[in-house]
Structures are given as structure tokens and as C-alpha cells.
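Please build the complete structure, drawing on both the sequences and the hints.
Heads up, the sequence shown is in UniProt numbering, so the first residue is 1 and it goes up one at a time.
If you're looking for bench data, these hints aren't it; they were derived computationally from the structure. Each residue gets a CB set at the ideal place from its N, CA and C atoms; glycine is no exception. Among the clues, some could well be false.
Unchecked claim - Derived DSS-like pairs: lysine-lysine, alpha-carbon spacing no greater than 25 Å straight-line: (1) 413 with 449; (2) 439 with 452; (3) 465 with 452; (4) 192 with 209; (5) 464 with 439; (6) 464 with 452; (7) 236 with 209; (8) 414 with 370; (9) 370 with 76; (10) 45 with 236; (11) 439 with 413; (12) 278 with 403; (13) 464 with 278; (14) 22 with 35; (15) 426 with 414; (16) 414 with 278; (17) 45 with 35; (18) 403 with 464; (19) 22 with 45; (20) 22 with 76; (21) 278 with 236; (22) 370 with 403; (23) 414 with 449; (24) 449 with 278; (25) 449 with 403; (26) 403 with 336; (27) 48 with 76; (28) 439 with 449; (29) 449 with 370; (30) 413 with 370; (31) 465 with 449.
Unchecked claim - So the derived label-pair ranges between C-beta atoms look like this: (32) 387 with 234: 51 to 61 Å; (33) 189 with 430: 19 to 29 Å; (34) 179 with 48: 26 to 36 Å.
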Amino acid sequence: MTKTSVPHPASFRDPAGYVFIKNNQVYRKINTVGKAEFDSFYQSKFYKELTSRGWLIPHLDVSDEFELTEEQAVIKPQPIPYISYPYEWCFSQLKDAALLTLDIQLLALEHGFTLKDASAFNIQFINSRPVFIDTLSFTRYDEGPWVAYRQFCQHFLAPLLLTQQVDYRFSLFSRNFIDGLPLDFVSKLLPKKSWVNFGILSHLHLHAKSQRHFSDVRKLNGASSRLKSANLNAEKLTALISNLRNTVNRLFMNETETEWGDYYQVNDYSSSQSLEKKAIVEAFLNETHTPLSLIADLGSNSGEFTQLCGLHCQQVVAFDVDFRAIEALYQRCVAKPELNILPLLFDLTNPSPGIGWHNRERESFMHRAKFDLVMVLAVIHHMVIGNNVPLDVFISSLATMTKRYLIIEFVDKKDSQVQRMLSTRKDIFIDYNISTFEKAIHNHFDVVKSAKIEGSHRNIYLLKKHHA
Numbered sequence: 001m002t003k004t005s006v007p008h009p010a011s012f013r014d015p016a017g018y019v020f021i022k023n024n025q026v027y028r029k030i031n032t033v034g035k036a037e038f039d040s041f042y043q044s045k046f047y048k049e050l051t052s053r054g055w056l057i058p059h060l061d062v063s064d065e066f067e068l069t070e071e072q073a074v075i076k077p078q079p080i081p082y083i084s085y086p087y088e089w090c091f092s093q094l095k096d097a098a099l100l101t102l103d104i105q106l107l108a109l110e111h112g113f114t115l116k117d118a119s120a121f122n123i124q125f126i127n128s129r130p131v132f133i134d135t136l137s138f139t140r141y142d143e144g145p146w147v148a149y150r151q152f153c154q155h156f157l158a159p160l161l162l163t164q165q166v167d168y169r170f171s172l173f174s175r176n177f178i179d180g181l182p183l184d185f186v187s188k189l190l191p192k193k194s195w196v197n198f199g200i201l202s203h204l205h206l207h208a209k210s211q212r213h214f215s216d217v218r219k220l221n222g223a224s225s226r227l228k229s230a231n232l233n234a235e236k237l238t239a240l241i242s243n244l245r246n247t248v249n250r251l252f253m254n255e256t257e258t259e260w261g262d263y264y265q266v267n268d269y270s271s272s273q274s275l276e277k278k279a280i281v282e283a284f285l286n287e288t289h290t291p292l293s294l295i296a297d298l299g300s301n302s303g304e305f306t307q308l309c310g311l312h313c314q315q316v317v318a319f320d321v322d323f324r325a326i327e328a329l330y331q332r333c334v335a336k337p338e339l340n341i342l343p344l345l346f347d348l349t350n351p352s353p354g355i356g357w358h359n360r361e362r363e364s365f366m367h368r369a370k371f372d373l374v375m376v377l378a379v380i381h382h383m384v385i386g387n388n389v390p391l392d393v394f395i396s397s398l399a400t401m402t403k404r405y406l407i408i409e410f411v412d413k414k415d416s417q418v419q420r421m422l423s424t425r426k427d428i429f430i431d432y433n434i435s436t437f438e439k440a441i442h443n444h445f446d447v448v449k450s451a452k453i454e455g456s457h458r459n460i461y462l463l464k465k466h467h468a
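The following block contains the structure:
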């Protein structure tokens, strides 16, 4: 038997237990204070129904492998291929995560349980399927209000409404508010028309007003007493949560024109060149031979090449800065659940930082970037010429993201896309050429294969990291 390790930096808020990592495996320890509640949940029909529906991540009891008291336990959850965060999700991902949280709470009430918290960070995605991961969030229900109601509205309803009714870029706001968007702040930003929608009025605007009113501890204590005396039972609470669910379910993202939404419809590839590019990428993926667990497609756009990657790994993560492209790709993956693709919003020039306590509570993208293969097609000119990132710096950054392989497309200055970029600015990029590019890649990679797309000024390389 072995000892448990120290808690993961993101797992310190719940005294009932914590997550820890040992030998690159994720475990959850249940402390003495949480053991009785966990046993009640774990032995219930509710737990079995959650896991059979795929709503809760399944786990194994591995307590026998660790040095514990009888009042403690250790469980081993099913691994999540790639950890993502709410500020990296598109509108429909956040909406589906919200609906899953509410469906779990409604089912919990049927079985005499309740969620004690409703953080969006309790949801992860396996491909396009949201799944709840916090096994210690469940407690027996005592008559009264849902203690996680405000948290749900801050983590889910508020960002969904801002994104839908004001601007799709508000989805990134969650990065600045780790405990969810303040309801009074969101209420001020929403348009006047939102006040005539009963669901938004009751769950956000009036909720925000009551939150301000009861910010005084004396008023809050009085309100708590009144709520208990008002006999808010499971039936009434179910009606409230069902109304909240209907409010969320009626939210849909408006069509928005974005910079790269139609990239593959307006680029200069002929149909034969597009087919040739696909054939090259497919051949390079076959050349890797060894099984790949996780692939990243940086600048995935419509996901045309992401799907090719999906045939060669357990999961491929499609990253793109374009909201509409990621929204469309996610909805396509939902319609075809056999696709092992996780679409995420991502700005390569400004990736997700570490946030929260000690900047480690939610890990940065670079800390999570441990891919077996990274694919970067038609991106390099946007980084070097569009964003003034030095060529060697860009290649060095990519080298830190991949453990083994890199598939990269070099777009020469003679390419029409680059010519359009340079038509509005001075060409100061004297080192942007294929010779300098090949010198930069040799600092980190060996060239396995390369191919030129006929009739174009583009070359694709399959690279293997030194000593991989």
C-alpha cells in the first residue's frame, strides 16, 4: 500500500475531499468529514442512474491500494483525455453543460439528493459529450432553497445571456471571474428587452436585486429564516429549477459574421489542390505508425482536417479563434457523436493563462499542452506576418506543445494570401522564407517527410521531435 499525495492545486475548497495525482493518474481522496455522505450517495440508486446515463464520470474504489483509516476512501475516476474550461467553450457547449447540471439537480431531487455547488468547472467534455466530474458535490436534500442557485446563475445563465443578447465575445469574460459573473454587473449590461422576458427577469434581474438587498448579513439571516418558514419543499424547488431549465433551453446563438467562418470557401485552393492537401496530411498521419492518444489541430476552422486526425488517435482537440467556426464544428460533432473531436475557442497569440489561487487553480493552456502530435496548417503566416511573432520563436513555442510529432504548413511570401496581407503594410519580414524556416525547425525537430502542394507556394512537413 502507498500513501496519498498532496492535493492538486485546483482541489482545496471542499473539506470533504480532494483530487491528487500519483504516477500520472488522477485520484480523489474522501476525507473523514465527507465519508458518510459519500457512502450514502455511492450506494444509492441515484449514483447508478447517473453513471448509466453517462451524466457522471464513473470511478473505481481503490481504497485498498492506499494507507487509510476506516473513515477515509480513495476513488479513481475515468480519465478525461483533455481538460478544458468554460471560457474555452462555444455558446452551445456552455448551454449543454448548463442543461446537464440542471438535469442532474432535478434527478437528484427525485432521489432525495441535491447539488451543493453548481460550478461550471464541475463539467468536462469527452468529445462533444458533457459529463459531471465532481463526485463529492452530492448531499442529502433538506427542505429549503437550492444552495447552488446563485452559483449556477453566475457560472452559466449570466455568460449565456451576455453572449446571446449583447456580444458573442462576452463568452471570454468568465476568464476574469473564476467564481462566476456578478449578477448585478450582468444585469446592467443586458438590453432593456431582457426585462420583459419572465425567465430572465426572475432568474437574473430580480435575482441580482435580491442579492444586493441581502448583502447585509443581518438581512441575509432574516431572509434565510423566512425561506424556511415559507416551506420551500422539493416540489416547489423542482418547479423553480424546471423554469430555469426552460429559460436556458430557449437560448440560441444568433448568426454572427466572424473573420474566419468561411475560410475554406474563400481561399485560393483549387479542388484538386484541396484533395492533394488532404492526401498529404493523411499520408503523414499514417507515417506516425505508433498509436497516438491526443492530437491538437491549431487553427482547425471548419474541422475538415481535424476529422482526418480523429482517425488516428483517442481524441483530437480542435482549436480556433473563430467563434462561429467552433460553434458550427461542435454542433456537427453533437449530431455525429462518433466523431472523437473536442472543439475549443483558442487564440494562439493569447492562450488561456493560469488563473485562480496562485495562478494554478485553473491551469494555463501551455501547462496542459502535452499532445502526441500538433497540426498547424495555414497558420504560420498569420503568426509571423499578421502578429509579428518571430519565426524561430513560433517554432520553439510549437515544440513545447508536442511530445512527438508536428505537421506544419509553410506558406511562402509568393502565396496570394500573404500578398494580400502585405498589401496593406510594409514588408519588414526579411527572414520569412523557406530556408530560415527549415533552419528553425532543425533546432527542435527531424524532418520525416515533406511535400509541396502542386501549383501552389505551400509546403507541408511531418516533423519528429528530437529524442522523441
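Against the structure, the hints:
no., hint, verdict
1, 413 with 449, "holds, 22 Å"
2, 439 with 452, "holds, 18 Å"
3, 465 with 452, "holds, 21 Å"
4, 192 with 209, "holds, 16 Å"
5, 464 with 439, "holds, 15 Å"
6, 464 with 452, "holds, 18 Å"
7, 236 with 209, "holds, 22 Å"
8, 414 with 370, "violated, 34 Å"
9, 370 with 76, "holds, 21 Å"
10, 45 with 236, "holds, 23 Å"
11, 439 with 413, "holds, 17 Å"
12, 278 with 403, "holds, 24 Å"
13, 464 with 278, "holds, 20 Å"
14, 22 with 35, "holds, 21 Å"
15, 426 with 414, "holds, 15 Å"
16, 414 with 278, "holds, 22 Å"
17, 45 with 35, "holds, 18 Å"
18, 403 with 464, "holds, 9 Å"
19, 22 with 45, "violated, 31 Å"
20, 22 with 76, "holds, 11 Å"
21, 278 with 236, "violated, 56 Å"
22, 370 with 403, "holds, 6 Å"
23, 414 with 449, "holds, 23 Å"
24, 449 with 278, "holds, 15 Å"
25, 449 with 403, "holds, 18 Å"
26, 403 with 336, "violated, 29 Å"
27, 48 with 76, "holds, 16 Å"
28, 439 with 449, "holds, 15 Å"
29, 449 with 370, "holds, 23 Å"
30, 413 with 370, "violated, 31 Å"
31, 465 with 449, "holds, 13 Å"
32, 387 with 234: 51 to 61 Å, "holds, 54 Å"
33, 189 with 430: 19 to 29 Å, "violated, 46 Å"
34, 179 with 48: 26 to 36 Å, "holds, 32 Å"
Figure legend: structure checked against the earlier numbered hints; hints not met, in rising order: 8, 19, 21, 26, 30 and 33.
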